[in-house]
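Residue numbers (UniProt numbering): 1 to 308.
Check each hint, because a few of them may be wrong.
Claimed, not checked - Calculated cross-link-like contacts (lysine to aspartate or glutamate; reagent style DMTMM-like; alpha-carbon spacing at most 20 Å): (1) Lys299 - Glu262; (2) Lys50 - Glu15; (3) Lys244 - Glu262; (4) Lys56 - Asp84; (5) Lys66 - Asp25; (6) Lys57 - Glu121; (7) Lys16 - Asp292; (8) Lys282 - Glu301; (9) Lys57 - Asp77; (10) Lys58 - Glu121; (11) Lys282 - Glu6; (12) Lys78 - Glu121; (13) Lys296 - Glu15; (14) Lys27 - Asp42; (15) Lys50 - Asp84; (16) Lys39 - Asp77; (17) Lys58 - Asp35; (18) Lys50 - Asp25; (19) Lys58 - Asp292; (20) Lys299 - Asp42; (21) Lys244 - Glu6; (22) Lys57 - Glu15; (23) Lys264 - Asp238; (24) Lys16 - Asp77; (25) Lys56 - Asp35.
Hints in this document: simulated from the structure, not taken from any laboratory.
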Amino acid sequence: GPNFVEISAVYGHTEKVTALKFSGDGKLLASGAADGSIKVWDVATSTVHKHLIGHKKKVMDFSWSKDNTLLVSASLDKKLRIWDVVSGKCFKILSGHTGGVVRCSFNPNSSLIVSGSTFGEIYVWDVKTATQIKDLKRFINSISSLCFNTDGTSIISGSITGLWCIWCMGTETCTQTIVTDQKSIDLLPTGDCIVVATYTGRLEFWNVQQPTVNVSRIISYSGVKNYVATLISPDSDDLWVINKAQNEYGLNIWSLNEQRLEQKLECHIDRITCVTCHPTAKLIATAAFGNDNMIKIWKHEVLGHSRT
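Between the sequences and the hints, there should be enough to build the whole structure, so can you do that?
As structure tokens, this is what we get:
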């Protein structure tokens, strides 16, 4: 089962950390703060690799390119920025949203970016030209979740009301809508299965190819309602679902196979603001309210093995 231990605590932001995202290889961690500052950390050494300065307001989301050299950031300043992580330079600014940008995601080959705003806008951008190439039908409410499917032919979006859509990239139409008391969406690293974590503590598994089929088990968390964060696939046989504890200071890690709570992590002395999980490197990063603006990195260790 899961056995996460704290491997580092890093300081560097002067304001609250509002976004975290591991690179695809698990070697780097991007963090964004309420003042618009971004730092890229080297996970192995817990040191700042690059400072990325440019956003004027809170950073809300990140996405890494397939080769881990580009980082796109979304901010409430209504802009997206594409950064060269090697040089630390911002080489593209994507402008056009009328609301603050809250979600962003590269497509699988990193040629396109999809972004969503507080006004429900969903735009698709060409990375090379930094131009907006698609404007998908506007939701009424803020976008809460946004990603491409694994082959890049569809976009999956969720709004804060629980309406979520699967968009066909070719026709720019919504091919499927599903209404749920949706909290967040994750695309499983194993394929075109999406997990919807709901406000009532349910996990729903949907097949993107046949979205009318509710394809897997459902867990109901007793006593935990709101804070399902994300998940890790440690191997093909199990899924670990991670959510905030009821006091929001720690994390609970559940096994889907065992359908039980496997580990309680005491993380911070204040409420957690953001959590990111690396699906294959078995890493978790957390940040919380509080004066220290600390980021903690947690790693899964096989029981009986010492830290390397």
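Hints and how they fare:
1. Lys299 - Glu262: holds (15 Å)
2. Lys50 - Glu15: Roughly 17 Å separates the two Cα atoms, so the pair holds.
3. Lys244 - Glu262: With Cα atoms ~14 Å apart, lysine 244 and glutamate 262 stay inside 20 Å; holds.
4. Lys56 - Asp84: holds (19 Å)
5. Lys66 - Asp25: The hint holds at about 9 Å.
6. Lys57 - Glu121: Holds - the C-alpha atoms of glutamate 121 and lysine 57 are around 19 Å apart, at most 20 Å.
7. Lys16 - Asp292: Given that 20 Å is the threshold and the Cα spacing comes to 9 Å, the pair holds.
8. Lys282 - Glu301: Roughly 9 Å between the alpha carbons, so the hint for lysine 282 and glutamate 301 holds.
9. Lys57 - Asp77: Between lysine 57 and aspartate 77 the Cα gap is close to 5 Å, so the pair holds against 20 Å.
10. Lys58 - Glu121: Holds, because 18 Å separates the two Cα atoms, which is no more than 20 Å.
11. Lys282 - Glu6: Judged against 20 Å, a Cα distance of about 12 Å means the pair holds.
12. Lys78 - Glu121: holds (11 Å)
13. Lys296 - Glu15: holds (15 Å)
14. Lys27 - Asp42: holds (6 Å)
15. Lys50 - Asp84: holds (10 Å)
16. Lys39 - Asp77: Holds, because 18 Å separates the two Cα atoms, which is no more than 20 Å.
17. Lys58 - Asp35: Satisfied, since the Cα-Cα distance of roughly 5 Å is no more than 20 Å.
18. Lys50 - Asp25: At roughly 17 Å apart (the allowed maximum being 20 Å), aspartate 25 and lysine 50 satisfy the hint.
19. Lys58 - Asp292: holds (18 Å)
20. Lys299 - Asp42: holds (14 Å)
21. Lys244 - Glu6: holds (16 Å)
22. Lys57 - Glu15: holds (11 Å)
23. Lys264 - Asp238: holds (18 Å)
24. Lys16 - Asp77: holds (17 Å)
25. Lys56 - Asp35: holds (7 Å)
No hint from the list above goes unmet by this structure.
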